[in-house]
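Take a look at the letters that make up each chain.
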Amino acid sequence: MLLLTEQVLNGLQFGVMLFLLAAGLTLVLGIMNLINLAHGSLYMIGAFVAATVARWTGSFMLGLLAALPATALVGMAVEIVALRALYRREHLDQVLATFGLILFFNELAAMVWGPRALFLDGPSWLAGAVEIIPGVPYPAFRLAVLGVGLAVAAFLYWLVGHTRLGMLIRAGASNREMVAALGVNIRALYTLVFGLGALLAGLAGVMAGPIYAVEVGMGEPVLILAIVVIVIGGIGSIRGALVGAVLVGLVDTLGRAYLPSLLGLFMGPANASGVGGSLASMSIYILMAAILVWRPRGLFPAHG
Amino acid sequence: MKIRIFSLAAAAALLAAPALADGPVKIGMITTLSGGGSALGIAIRDGFKLAIDQEGGKLGGVPVELIVEDDGRKPGKAKEIADKMLARDKVRIMTGIVWSNLAIAVVPKVTREGVLYISPNAGPSLLAGKGCNANYFNVAWQNDNLHEAMGQYMADKGYKNVYILAPNYPAGKDALKGFKRFFTGGIAGEVYTKLGQKDYAAEIAGLRDAKPDAVFFFLPGGMGISFLKQYAQAGLTAKIPVFGPAFSFDQTILAAVGKAALGVINTSQWNKDIDNPANKAFVAGFKKAYGRLPSLYASQGYDAARLIGGALKAAGGAGASTEALRKALESAPFQSVRGKFRFGPNHHPVQDIYVRQVVDEGGVLTNKIIATAFTDHADAYAGDCKM
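Chains Y and A, in that order, are what the protein sequence lines are. In terms of the working numbering, the first sequence has 19 at position 19, counting the first letter as 1, and numbering is strictly consecutive. If you count the second sequence from 1, you need to add 304 to reach the working numbering.
Below, in silico cross-link-like pairs of lysine to aspartate or glutamate (DMTMM-like), each with a Cα-Cα straight-line distance of 20 Å or less:
hint	chain 1	residue 1	chain 2	residue 2
1	A	Lys-330	A	Glu-627
2	A	Lys-394	A	Glu-369
3	A	Lys-388	A	Glu-369
4	A	Lys-543	Y	Glu-131
5	A	Lys-477	A	Glu-494
6	A	Lys-378	Y	Glu-107
7	A	Lys-413	A	Glu-627
8	A	Lys-484	A	Asp-460
9	A	Lys-592	A	Asp-350
10	A	Lys-330	A	Glu-369
11	A	Lys-584	A	Glu-359
12	A	Lys-498	Y	Glu-220
13	A	Lys-563	Y	Asp-121
14	A	Lys-690	A	Glu-627
15	A	Lys-591	A	Asp-664
16	A	Lys-515	Y	Glu-131
17	A	Lys-381	Y	Glu-107
18	A	Lys-330	A	Glu-384
19	A	Lys-378	Y	Glu-220
20	A	Lys-584	A	Glu-665
21	A	Lys-631	A	Glu-417
I should point out that these hints are in silico values taken from the structure, not numbers from a laboratory.
Just need the whole structure built from these sequences, with the hints factored in.
As structure tokens, this is what we get:
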């Protein structure tokens, strides 16, 4: 029972980590109708900048503070230089162009930082483990990720739903021309939204750095999961991204934890761990397919 | 991405060389230089190039031309490059591939075409056993070897209940099979994770619950970095010791793992403190040329180049026939940085495998040899090889 509670907590935490990445992706896709595969590259840049600054200064927090504006600026520069021309193009063109950006950023990172993985550790006051479940020490940094993710969710909910900027963003998503005709600088607004999306990707990268390997190409495997999350949650919906991320986190974690032993009831242990492992890695895609059959536009579609 | 190394000496040698050689010996290197896992290919290339540079553009006194291309870790691309190197560049010797799935895609074809292939890393069981070929040599190890050594070491140390973990792909399965071939204690759990997985919270929770007395894991590249960081954050490093092959404790990786790796015991066929003149020249030369400590992979690239050099010299230079070169290669006419080294009947190494420990050397994490796991260890597949 203790183990199950711990695994549920692991699933929640992994889900919130995915939410950090998916939030920016869904914001850009839902509001600007732009598929940005290079979101994973911004995640990588966030982690790399934080690792570099943390090595110079010895402080994770300074790394975090440097990485957020850095990724936002890189994101806005990319939007102005490369992506602005793509808003009116088809999604396939956007996929090709942003895939090209992935290759560009991976090579750039290898040239600037070298091909070897970097070191990034969390702040020392989050180094230990906390016994939130008696007898089960849980890493403090993972709890911090959980907290940051939930804070970001609350912030975005407030920003999009309850501020003037959020109102403009929503209006721009519904009818770009009309908002522009009313005298709003929609180009600047989009650049700003893209910068916010990039900042969120950078934040996700920094929070992932102490837990995962900080290396060239680190963004792509998580990007795939983030896309699954926003498809499940409903494209453009922050609430959907949060619910989708937690669902994916739970299904993936519990699948990895329990499928092999469940299958062990029916077959030999060697087969069970092989088949169970394979099934567990498929589980989130099966979840996605099932949800799409039931709700083809995802759980919380943003536009009716 | 192409680098050609020509030397002035090559032009001079042209005049002196016998009929067959109308230029330097062409060596084709296909390796991973971009994307995930590129640190490994770059280390192999740098080690190989160092051996050529130390001889001023020659290997074994014979001028060579090294053609390097990037496979991006994709089997299809590696095949394409191999075809081009065979048809257009007419290379006589090939080397460089890091990954077993790429080696399986490329090696059978090029060896059939009469090109000698010297593997500096990948050693899939297929190419050591049923699929062996007279033109294929592996200068590193057969894939199972380092895991077998750890199985033996942990059995000797009296571990009774070990939790084992590897990615769910052929080399991962071979790894755990190799480990279990020599480990005589009990298995607390056997887990296959997704290839490229980042988050190991579920596995670590399950592992703690199984209460093993040790953990053996094979998670190459970034997977191992993620696992070790998370293992340390879960507070398990001091409670349940981890063991693994050298790949997760290599010089390219230690800096990224940090102190979570300190003290961990791992198995390797090489280390920078092995005391012989060849290794000293290699370690000092590598540090001087590239400004960093050499990795295991760099040592394998360096040995591959020096094996080729030794064979070229023994066979009589650039004009030697492939037959003569192969005969020369079989006798391993070079001083390996590992010390003693010879080839078994299937052209795979018979060598010592060491037990190392990660230590802090003046602020830099590196490895120190603490024991020898196997002396003159050969692989389990030689019997299946009919050449």
